[in-house]
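Number of protein chains: 6
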Amino acid sequence: MLESKVTRFEDYRISKAPYYEPVGNEVLLFQMAYENKRPVSLRGPTGCGKTTLTEFMAYTLGLDITAFPYIEVPCHEDITETHLLGRYDLDGKWLPGPLYIGAKYGGMVVLDEFIESRPDVRVLTHSVTDDRRVLSVSKTGEVIQLPDNFMLVTCYNPGYQIKSKVLKPSTAQRYITIDMGYPSQEIEVKILMKKTGIEKEIAVKFVRFANDVRNMRDSDRIRIQEGVSTRLLVMVCELYKSYIRHKLSPNLKTIAKVALINPITSEQTDKKVLEELLAIF
Amino acid sequence: MLESKVTRFEDYRISKAPYYEPVGNEVLLFQMAYENKRPVSLRGPTGCGKTTLTEFMAYTLGLDITAFPYIEVPCHEDITETHLLGRYDLDGKWLPGPLYIGAKYGGMVVLDEFIESRPDVRVLTHSVTDDRRVLSVSKTGEVIQLPDNFMLVTCYNPGYQIKSKVLKPSTAQRYITIDMGYPSQEIEVKILMKKTGIEKEIAVKFVRFANDVRNMRDSDRIRIQEGVSTRLLVMVCELYKSYIRHKLSPNLKTIAKVALINPITSEQTDKKVLEELLAIF
Amino acid sequence: MLESKVTRFEDYRISKAPYYEPVGNEVLLFQMAYENKRPVSLRGPTGCGKTTLTEFMAYTLGLDITAFPYIEVPCHEDITETHLLGRYDLDGKWLPGPLYIGAKYGGMVVLDEFIESRPDVRVLTHSVTDDRRVLSVSKTGEVIQLPDNFMLVTCYNPGYQIKSKVLKPSTAQRYITIDMGYPSQEIEVKILMKKTGIEKEIAVKFVRFANDVRNMRDSDRIRIQEGVSTRLLVMVCELYKSYIRHKLSPNLKTIAKVALINPITSEQTDKKVLEELLAIF
Amino acid sequence: MLESKVTRFEDYRISKAPYYEPVGNEVLLFQMAYENKRPVSLRGPTGCGKTTLTEFMAYTLGLDITAFPYIEVPCHEDITETHLLGRYDLDGKWLPGPLYIGAKYGGMVVLDEFIESRPDVRVLTHSVTDDRRVLSVSKTGEVIQLPDNFMLVTCYNPGYQIKSKVLKPSTAQRYITIDMGYPSQEIEVKILMKKTGIEKEIAVKFVRFANDVRNMRDSDRIRIQEGVSTRLLVMVCELYKSYIRHKLSPNLKTIAKVALINPITSEQTDKKVLEELLAIF
Amino acid sequence: MLESKVTRFEDYRISKAPYYEPVGNEVLLFQMAYENKRPVSLRGPTGCGKTTLTEFMAYTLGLDITAFPYIEVPCHEDITETHLLGRYDLDGKWLPGPLYIGAKYGGMVVLDEFIESRPDVRVLTHSVTDDRRVLSVSKTGEVIQLPDNFMLVTCYNPGYQIKSKVLKPSTAQRYITIDMGYPSQEIEVKILMKKTGIEKEIAVKFVRFANDVRNMRDSDRIRIQEGVSTRLLVMVCELYKSYIRHKLSPNLKTIAKVALINPITSEQTDKKVLEELLAIF
Amino acid sequence: MLESKVTRFEDYRISKAPYYEPVGNEVLLFQMAYENKRPVSLRGPTGCGKTTLTEFMAYTLGLDITAFPYIEVPCHEDITETHLLGRYDLDGKWLPGPLYIGAKYGGMVVLDEFIESRPDVRVLTHSVTDDRRVLSVSKTGEVIQLPDNFMLVTCYNPGYQIKSKVLKPSTAQRYITIDMGYPSQEIEVKILMKKTGIEKEIAVKFVRFANDVRNMRDSDRIRIQEGVSTRLLVMVCELYKSYIRHKLSPNLKTIAKVALINPITSEQTDKKVLEELLAIF
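Protein chains in written order, with my numbering: chain A, 1 to 281; chain B, 1 to 281; chain C, 1 to 281; chain D, 1 to 281; chain E, 1 to 281; chain F, 1 to 281.
Extracted from the complex, chain A is given alone in its bound form (with noise of 0.2 Å):
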């Protein structure tokens, strides 16, 4: 049994460019945050290519720099200060946390699913955001200027945001904030046949019910918080050529019900209404 291959954080960085499709200026944009020094905010549905994006920019810019660690923290109301700061483990060693690895590497750190951090958290983002740019860590009693290459990106679903989560304007107003959405048909369907080799016709047809579902969602007929995700078409698509690997004859309801209908809801008056939706494979 071979082990794991194992990174150190400060070494980590995107070597491989990920397939990233773009749907409007939010790659220019993206890099003149980057030039002016400032924080980038990227709100949208799950799924819908937030961090394929952070993913593709880190790959980018770092590109003629010796190291640029790209560094992903999933928020929740549980992670703290020290999570992101580092902490002294028993025998006195500093173990760095992320903004602190970026703070002394530069780099970019992405707080992913921002409005599920707690108030703490997101202070903790005020001083790297500030004209200053310092972070000030009172474990170390160190105040870190940051590097010009240092940059910070939140990521979040205003979707489903309920009040005690709105992001406030002391926060809010420090972001250059793009929103972005699901993909168009066509470049969705171009992202699932360049991902899961799947012919066209199979491709649109997911695409098709997929978009349905969106269309639906606003509507009083199934109660579901979010529509398809580009990943679940991704999922159903696979499992599709799974069939084929098998020599076995793709059953489309039965993948349509495990990959994108089941994911979405749990209801059963909401998975019959989708199941029906079916009728067009």
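Don't read these hints as lab results, they were simulated from the structure.
Incorrect hints may appear among the rest.
Since the list can't tell identical chains apart, any single copy or any two copies may satisfy a pair.
With a straight-line Cα cutoff of 27 Å, these simulated DSSO-like cross-link-like pairs (lysine-lysine) come out [said to hold, decoys possible]: (1) K200 <-> K37; (2) K271 <-> K168; (3) K195 <-> K253; (4) K241 <-> K37; (5) K37 <-> K271; (6) K241 <-> K205; (7) K16 <-> K37; (8) K139 <-> K93; (9) K205 <-> K194; (10) K272 <-> K168; (11) K195 <-> K168; (12) K241 <-> K194.
Chain A is already provided as a structure; the job is to place chains B, C, D, E and F on it using the hints.
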């Protein structure tokens, strides 16, 4: 007094095929998800066979692999990142948690009752279910690239999921999601006979009673959270066999009370309604 | 000053048969559950003899076994996994908890007032009541296969179980569940005489008073949470005997007040109603 | 500057009989409970003499015993198992808590304001009030058999017990429960004279005022939580004596305000009503 | 750069008599309470001189005593037993808290904003205000007999005490309780002149404005929590003097805004009403 | 890769005068408060220049002083006494917090978003703003006399202060309290030109748009928490300059969207209303 047998986590595997009776195409879909390096989510009522299926699949998928640890974690709101990833003990020795073990050695990690977990535990699963398949362990400073034979499975019962416990779309839209239910009467009788050695006639009686109760669940007559599980049916058959072994005449009503009725309700009125059903014995 | 006698957990057993007066077939069912390696759940009002039964069964089942520890854990919302499994002290010595001891050495672990426990404690019991009968101890990295003579028992009073404290079906549907109540008048008088040496005539008076109160519980006249327990009856008989021992004439009303009425209510109005019942003395 | 006198817990006893004026048969009942190895619960308003009684009984019961520690623990919602049982300090030295000391060396442990304690503290008292009389100390791995001269006493005021703070029947039905009230006027005057050396005439005035206030408590005219305690009466008499000692003419109204009225209310309207009652002076 | 002057707790005393202007018999009553070894509770609005009185008394009472530490603890809901009693540092050195210092060396301990403290802190004061005058320190295993020259004082403002923060009678009925208010106009002017050297004419103007605001507090026109404190009046006079020192003509309206109006409200409407009152300048 | 520049807290000072454009007499009042050793409270909307003013004053006041540390602490509900005062690390080395540094070495400590702090943090500021000017540090046992050149400043936005977060009068009535607002159009244009080098014509356009939005804030048409800050205006001008630098024609509407509209709202309807205002471009 002999001490009981103890195994280390990393060596732990399912060495004996558990008896599992398939009800649909769940085994095939589970296998395809594994081949596509996608996680699986199993949903269904308590005691319907979700973890028996995971054990069965862990046995099957691990057949040709030297080490294929199988670790089941019952989730609840006090399970934290530390439980899943690991921690250093006071001597500085690293105590790996289930996800860390899976990320290092491969195998199957099953998060049972996933719906009971806290947000921080749920987002922990995000990076291991992303395309990049990495696990960041801040305590050790590692970013682990998951081995191909690592698989994550989550189980839960959507039946009594309450508002505050619904999975966020950003979590749910990562899983091949398979819905399971109680077996058909024929299959359930077969399971009871195989597991307890009970005669068919008695098994049929108990299964019929169970189905009567399951059907009553949605009626106004009783207020039970969930129907009789296959597990309880196994238990009542065991008691029946105990009476035989003790050379006593089995008291069907008594054992049905303690093994089928009392475990599903403590309300006097509901117990009375259910005891009336025992007239079939 | 002599220090009191101290026993280590692992050596602890019930060495003297406690006096237990069976009321139904609970002893047989308890024994069968043990033989089938199934856990038992005892439900009933406070002081009706639940833990006396567990002590009696622990004595009986352990008769032929070299070591059969008996450990009773009163549950409450601050009992954690650490209490039940164990932990390392500052010198690195492992301090085993009740479940760990049971998993290693066998014996009976009784979780009293189980309904008061937290979700994390409840799910801890899942793996030891599964078919696989294992206990995973993350702190030591062990997966312990339970010995055949390990038995888990939970006790609680469903009478005052509130909404937030109902057991989940996935927990409840694992136990042979035996409902217990107050003994019949005849048996209760017998218990009092045997335990305190009181004359039958007086015992009957107190038991009648107790039954009057128990019957009033559901009426509109008083608002008490629970009726008079057998335990309180034992206490009032002891006080009666104390008066005799002090060569004083026993004041029935006084001792009924401090041992039967005051312990079940502190409301002036309820106390008045109950004191009127004392006219029977 | 001399340091004040310090005693170790284990040597602590009541070495001087406190002045206690019995009001009923509480001393006899308390003694009998001790002889029967039963715990006692004292209920009554603040400052009515509950802890003076426990000190008096601890002195009396401990007369013939070499060591009879008396430990009073004021309960509140932050008292934990650790406070009561003990813990290891950083050097590995065991710091015994009150219950541990009582379980090892005997004596009386008084849990004052027991109604304010948390559920975990309340159930801790269960095993020491059971027939088996044991104390399990998980931290040291001990199961301590209680010595015969260990007694547990709980005190509280049921008068302002709120819903969430009612004792569970499984806790309450373990105690010989004695209800106490304010002393009669005659006894209270006697107490004041004995404790402060005040003249009878003045003492009578203050006690009458106190009883007027106590009687008003249930009226609509004022909203005070509790009446004037004997403790406050002692304080006002002391102030009176202070004026005499300072060779000043005592200002009855002033000292009644700061020692009898202000301590029971801070509401302007209530203070006005009570100050009108001072016309009696 | 010189480091600032640092004193150890145990040596700390009030070495200079603060300027205190008595308003009633509070100094005499305070002295008598000290002589009777009774605690004092001072109640009144913010900035009315409560802590100036305690400093003054600590100076006076400590005149003839070698060491008479004065320690003021601002209470809040995160102050714990550990803050008040002390704790061991990591090297095993005992760090005494304020109450421990007082119990060992005597002196005055002032719990400011006592109403903000938690229940555990409040009951901590019970044993030091009992007749037995002891302080149990579980961490060191000591039961300390309080020295005669130890005095406890609590201060708070009953004006904005909310339901959940009312003192329990068992706490409140231990204190000689002195109610304080704003000084009369004459005295307040005297205070301002003495403290800031301002001319009488200006001082009168500001005091009149303050009294106008205090009187408006109960009217419908504004919604302020509390009136202008003497402390604010001192601050506005200081600003006036600053203008003179800078050889600028003092802008009465500007300094009244920043030192008298803004500190008591941030509501636009209230600020407007108060600014109209400035017409008197 | 060069590591970024790191400074120790105690050496930290503002070494370069930040560009600050005064709007009233705030600089004079701030200076007088410093001379009178009084704390200052700055209130106003996000991004209106509060911390730029504190930096400017820290630069000015510190000009003639060897060391004048400037430490800004963003408050939130997880900032504790330990953060502000300091703590010992595991090796027993004292890690001073901001207030401790200020109390020892002087300088300016700015508690930003003070309204978000917890009660324990708020009362911590009481003793440093009292006449006695002391800081008690229980962990080190010190009572520090503040140096003359220590100044405390608190900043917050009363605009979105909610009920539970209002400052208590005993806290608020200690500060010279200065209210700040957005700069006038003329000054704001000047700021933008100076900071970003943008042409006046464009700056005017953006400022006008900002003022339109600010004025709409109280209307029914949109529901935004706060208007466009000066900070956002700087950011949009920077983007404009980026387009020029990239030799692209600036897309005013696009950059207004990502830098002025998106950062202040994520509501579709509000965004639509605001985008209509862009017709002015």
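Hint check results:
no.: 1; hint: K200 <-> K37; verdict: between (42 Å within a copy, 23 Å between copies)
no.: 2; hint: K271 <-> K168; verdict: between (37 Å within a copy, 17 Å between copies)
no.: 3; hint: K195 <-> K253; verdict: within (21 Å within a copy, 34 Å between copies)
no.: 4; hint: K241 <-> K37; verdict: between (44 Å within a copy, 13 Å between copies)
no.: 5; hint: K37 <-> K271; verdict: between (47 Å within a copy, 26 Å between copies)
no.: 6; hint: K241 <-> K205; verdict: within (15 Å within a copy, 45 Å between copies)
no.: 7; hint: K16 <-> K37; verdict: both (24 Å within a copy, 20 Å between copies)
no.: 8; hint: K139 <-> K93; verdict: both (12 Å within a copy, 11 Å between copies)
no.: 9; hint: K205 <-> K194; verdict: within (16 Å within a copy, 45 Å between copies)
no.: 10; hint: K272 <-> K168; verdict: between (40 Å within a copy, 21 Å between copies)
no.: 11; hint: K195 <-> K168; verdict: between (38 Å within a copy, 25 Å between copies)
no.: 12; hint: K241 <-> K194; verdict: within (13 Å within a copy, 37 Å between copies)
Violated hints for the displayed structure: none, as all numbered hints are satisfied.
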